[in-house]
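What follows is the residue order along each chain.
2 protein chains.
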Amino acid sequence: MQIAERVCRLGTETAFSVSAEAAAFASSGKTVYPFHLGDMNIPTPGNIAEAAIKAMMDGKTGYCPPCGIVELREALAADVNASHNTSYSAANVAIQPGGKPVIGKFILALMNAGDEVLYPNPGYPIYESQIEFHGGRAVPYGYLQRDGELRPDIDAMARRITPRTRLLIVNDPHNPTGAACTQEELERLAELAIEHDLYVLADEAYFDIRYEGTRKSLASVPGMLERCVILYTFSKKFAMTGWRLGAAIGPKDVIDVIATLNVNDESCSNHFAQYGVLEGLTGDQSPVRGIIETLRQRRDTASRLLNAIPGVHCFTPQTTFYLFPDVTEAMQKASLTDYERMRLTILQETGVSVCTRLHFGRALAHEDRLYLRFAYSGMDVPDIAEGIAGLAHFLEMRDS
Amino acid sequence: MQIAERVCRLGTETAFSVSAEAAAFASSGKTVYPFHLGDMNIPTPGNIAEAAIKAMMDGKTGYCPPCGIVELREALAADVNASHNTSYSAANVAIQPGGKPVIGKFILALMNAGDEVLYPNPGYPIYESQIEFHGGRAVPYGYLQRDGELRPDIDAMARRITPRTRLLIVNDPHNPTGAACTQEELERLAELAIEHDLYVLADEAYFDIRYEGTRKSLASVPGMLERCVILYTFSKKFAMTGWRLGAAIGPKDVIDVIATLNVNDESCSNHFAQYGVLEGLTGDQSPVRGIIETLRQRRDTASRLLNAIPGVHCFTPQTTFYLFPDVTEAMQKASLTDYERMRLTILQETGVSVCTRLHFGRALAHEDRLYLRFAYSGMDVPDIAEGIAGLAHFLEMRDS
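So the protein sequences, as listed, match chains E and R.
For reference, each letter of the first sequence is one residue, going 1 to 400 in our numbering.
For reference, each letter of the second sequence is one residue, going 1 to 400 in our numbering.
No lab work stands behind these hints: they were computed from the structure.
Honestly, I wouldn't trust all of these hints.
[What the hints assert, rightly or not] Cross-link-like lysine-lysine pairs, in silico, DSBU-like; alpha carbons within 30 Å at most:
| no. | chain 1 | residue 1 | chain 2 | residue 2 |
| --- | --- | --- | --- | --- |
| 1 | E | K333 | E | K30 |
| 2 | E | K60 | R | K54 |
| 3 | E | K30 | R | K60 |
[What the hints assert, rightly or not] Label-pair ranges, simulated between beta-carbon atoms:
| no. | chain 1 | residue 1 | chain 2 | residue 2 | range |
| --- | --- | --- | --- | --- | --- |
| 4 | R | M57 | E | Q2 | 43 to 49 Å |
| 5 | R | D79 | E | A23 | 22 to 28 Å |
| 6 | R | V7 | E | A308 | 42 to 48 Å |
| 7 | R | I292 | E | E50 | 28 to 34 Å |
| 8 | E | G290 | R | I292 | 54 to 60 Å |
| 9 | E | Q285 | R | S28 | 36 to 42 Å |
| 10 | R | A78 | E | A308 | 50 to 56 Å |
| 11 | E | A26 | R | K252 | 23 to 29 Å |
| 12 | R | A78 | E | Q285 | 43 to 49 Å |
| 13 | R | D79 | E | Q297 | 41 to 47 Å |
| 14 | E | G59 | R | I292 | 15 to 21 Å |
[What the hints assert, rightly or not] Here are some chain E residues pointing at chain R (derived, C-beta under 10 Å):
| no. | residue |
| --- | --- |
| 15 | K100 |
| 16 | I103 |
| 17 | L110 |
| 18 | M111 |
| 19 | A113 |
| 20 | M224 |
| 21 | R227 |
| 22 | T241 |
| 23 | G242 |
| 24 | H393 |
Bear in mind the structure is a predicted one, so any value in this text is a computation, not a measurement.
A virtual CB, placed ideally from N, CA and C, is assigned to each residue, including glycine.
Isolated chain E, as found in the complex (with noise of 0.2 Å):
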């Protein structure tokens, strides 16, 4: 057949490729230590499966309306009130299949063909296939080290606004790098959207993996919630990446057109895997405490085993449950600096599966460090601990 021509500008995750390389290496009986999977191996909460399967056995098994059930929307706008300080009602809730189907729907129903979106790189690719997709022009904005952590460059993001600037793509706390914004930089943010009539799409997948403190969203900020659209998904915080649960949240307007792209896309989300859902943000808390309380402890065995290799530095960030370590000078020493040979040769050597900074975006004019980005939520401790002794010890022989 012949496809038709936006096809051209599609991407996608090209980490997919990553994982059927690794699942081709497995398959020749050796070991594959996943650390370039965004998945999680942890099972979802018992109260929310069976929630679930309660309503699925009293008939929840037919259409619901396109934006959720109401109880649904009711329980998640006040989640979300209570712990952004905003004053969302249901009808600020659209659920969806996953968080995912918001970054089209936001672009579908707010950005023009030729308007020009601003978008983090390193950052999740399916913003630029989005944009470009759809006709937009994709603009990128970088990370920039600062006291050993990465920090989004919101001097290039104001330098890279036009006259054709129209929506900001924010995705903080930030995958790949964990960076989380400090309410300084939310502030710089919501300056820019003001004073140039930006819309902005606040990417906010990880909010509530926290380690420690409290979070504020970019929604918060005084002027920005009738110009934000929350991505809000179900599937981190309560481990149910394969349910395919999530929400766009944000001003009636845009809602409202969000929810006849639901009618036209995919008329509703799974009806009985809502009460799931609510019983997770209803219920008892606990499950959810304990998720968090597993992936620190993989968090920390991670961190802890990546600084100890000569040449890798690796922040240990509050939030997320990546670590996207500045491998520069280890790889070097291993003559390694190409970032696919790179990945390959840790692969096939040690059986560490990883992303590189590549699986975000093509690298900016101005990088000159190199960084990988292991995900710690699909592995157990001692998985994680004999990966990353098992690439310690290749590092430490191809140096010498």
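Since the structure of chain E is already known, use the hints to place chain R on it.
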């Protein structure tokens, strides 16, 4: 927020507002007979629910591949090959969160802006909406009465083909009329598609809802396998509309594009539910026969009682779960010839809630008959009988 220009071209299912009105009427304490609803009040077969729950408990709660688990893709290819006489493999199948997403993805994958797309009218309103939303030109073809039933107007379709025509949407069996193409009609459609190099969306959402005989698919006509994408859904045959599972089935090149759209749009469909429908396809088929038998009894009751009303002429289709009676004379006698006034008067006076022809597109120029659509999938036989008896009584009173 300032909404994007394309949104002014986005349509919806106006049937949702009928649902809202019916709910409001019911909340005032009155009985509603929900004939407007294309939903089912039949439980999902127990073996499907059990298999899904087992998968959930076995940890199938993380991501699965974007096109679905390979066991299901293989089983579905085999199942469709058996009923369609086709030669699909897993590579031709992309699992979706419902049948509906196939409409938008087919259009995004194959239609360029400005292309003309032939679509059925009366027909499912999302075709027109998605064509125009993504910058195409929606060109309707109608249905003509012949021997008491409605048939697709293939002559009109042929006349409307221009050098800009690129895609053809065929809904066979057809909602709302219940028309199912004869072998001769399928061959004529194939001839047009091949002659004019059209790619075809074969929306077969009701293919397996079959009360008598066997059905042929447009995809099985020689030359069509390579230019047909089948919209497949588990929703109707397994009474699981609210689970949201379906598939796109077609040539590998377009399925590959749809796979990339899956990565961009929703990552994957619900993981554990796929084990449910795998059991549905490969396990005990008696629950599926039970669903058909239940629907048949409802169809027979509804059709018999509607045809007993003076001035109502109702064809009894061997497929779908809709009746589309010609009510022209009955409504003229009742002085109700404005569709919306007719519908609201019937709702208020009898509690019978229906869709009219206008919920399936703007009337075409030649149309001079009035039609209502009765869905019998969401009501038990006694309620169907009571509702239509009330309608008959109202029309009799109104006539006298």
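Evaluation of the provided hints:
1. E:K333 to E:K30: Satisfied, since the Cα-Cα distance of roughly 26 Å is no more than 30 Å.
2. E:K60 to R:K54: 18 Å, holds
3. E:K30 to R:K60: Satisfied, since the Cα-Cα distance of roughly 23 Å is no more than 30 Å.
4. R:M57 to E:Q2: 43 to 49 Å: 46 Å, holds
5. R:D79 to E:A23: 22 to 28 Å: 26 Å, holds
6. R:V7 to E:A308: 42 to 48 Å: 54 Å, violated
7. R:I292 to E:E50: 28 to 34 Å: Given a distance of about 32 Å, which is inside 28 to 34 Å, the answer is holds.
8. E:G290 to R:I292: 54 to 60 Å: 46 Å, violated
9. E:Q285 to R:S28: 36 to 42 Å: The hint (36 to 42 Å, Cβ to Cβ) holds, given that E:Q285 and R:S28 are roughly 40 Å apart.
10. R:A78 to E:A308: 50 to 56 Å: Distance hint for R:A78, E:A308 holds at roughly 52 Å.
11. E:A26 to R:K252: 23 to 29 Å: 26 Å, holds
12. R:A78 to E:Q285: 43 to 49 Å: Because 45 Å falls inside the window, the suggested range holds.
13. R:D79 to E:Q297: 41 to 47 Å: 45 Å, holds
14. E:G59 to R:I292: 15 to 21 Å: 20 Å, holds
15. K100: 5 Å, holds
16. I103: 8 Å, holds
17. L110: Holds - the Cβ of E:L110 comes within 10 Å of chain R, reaching about 5 Å at its closest.
18. M111: This hint holds: E:M111 lies near chain R, its Cβ roughly 6 Å from the closest one there, short of 10 Å.
19. A113: 8 Å, holds
20. M224: 12 Å, violated
21. R227: 7 Å, holds
22. T241: Because about 5 Å separates E:T241 from the closest Cβ in chain R, which is inside the 10 Å limit, the hint holds.
23. G242: 3 Å, holds
24. H393: Given a least distance of 30 Å, the restraint on E:H393 is violated.
Checked against the numbered hints above, the structure breaks hints 6, 8, 20 and 24 and satisfies the rest.
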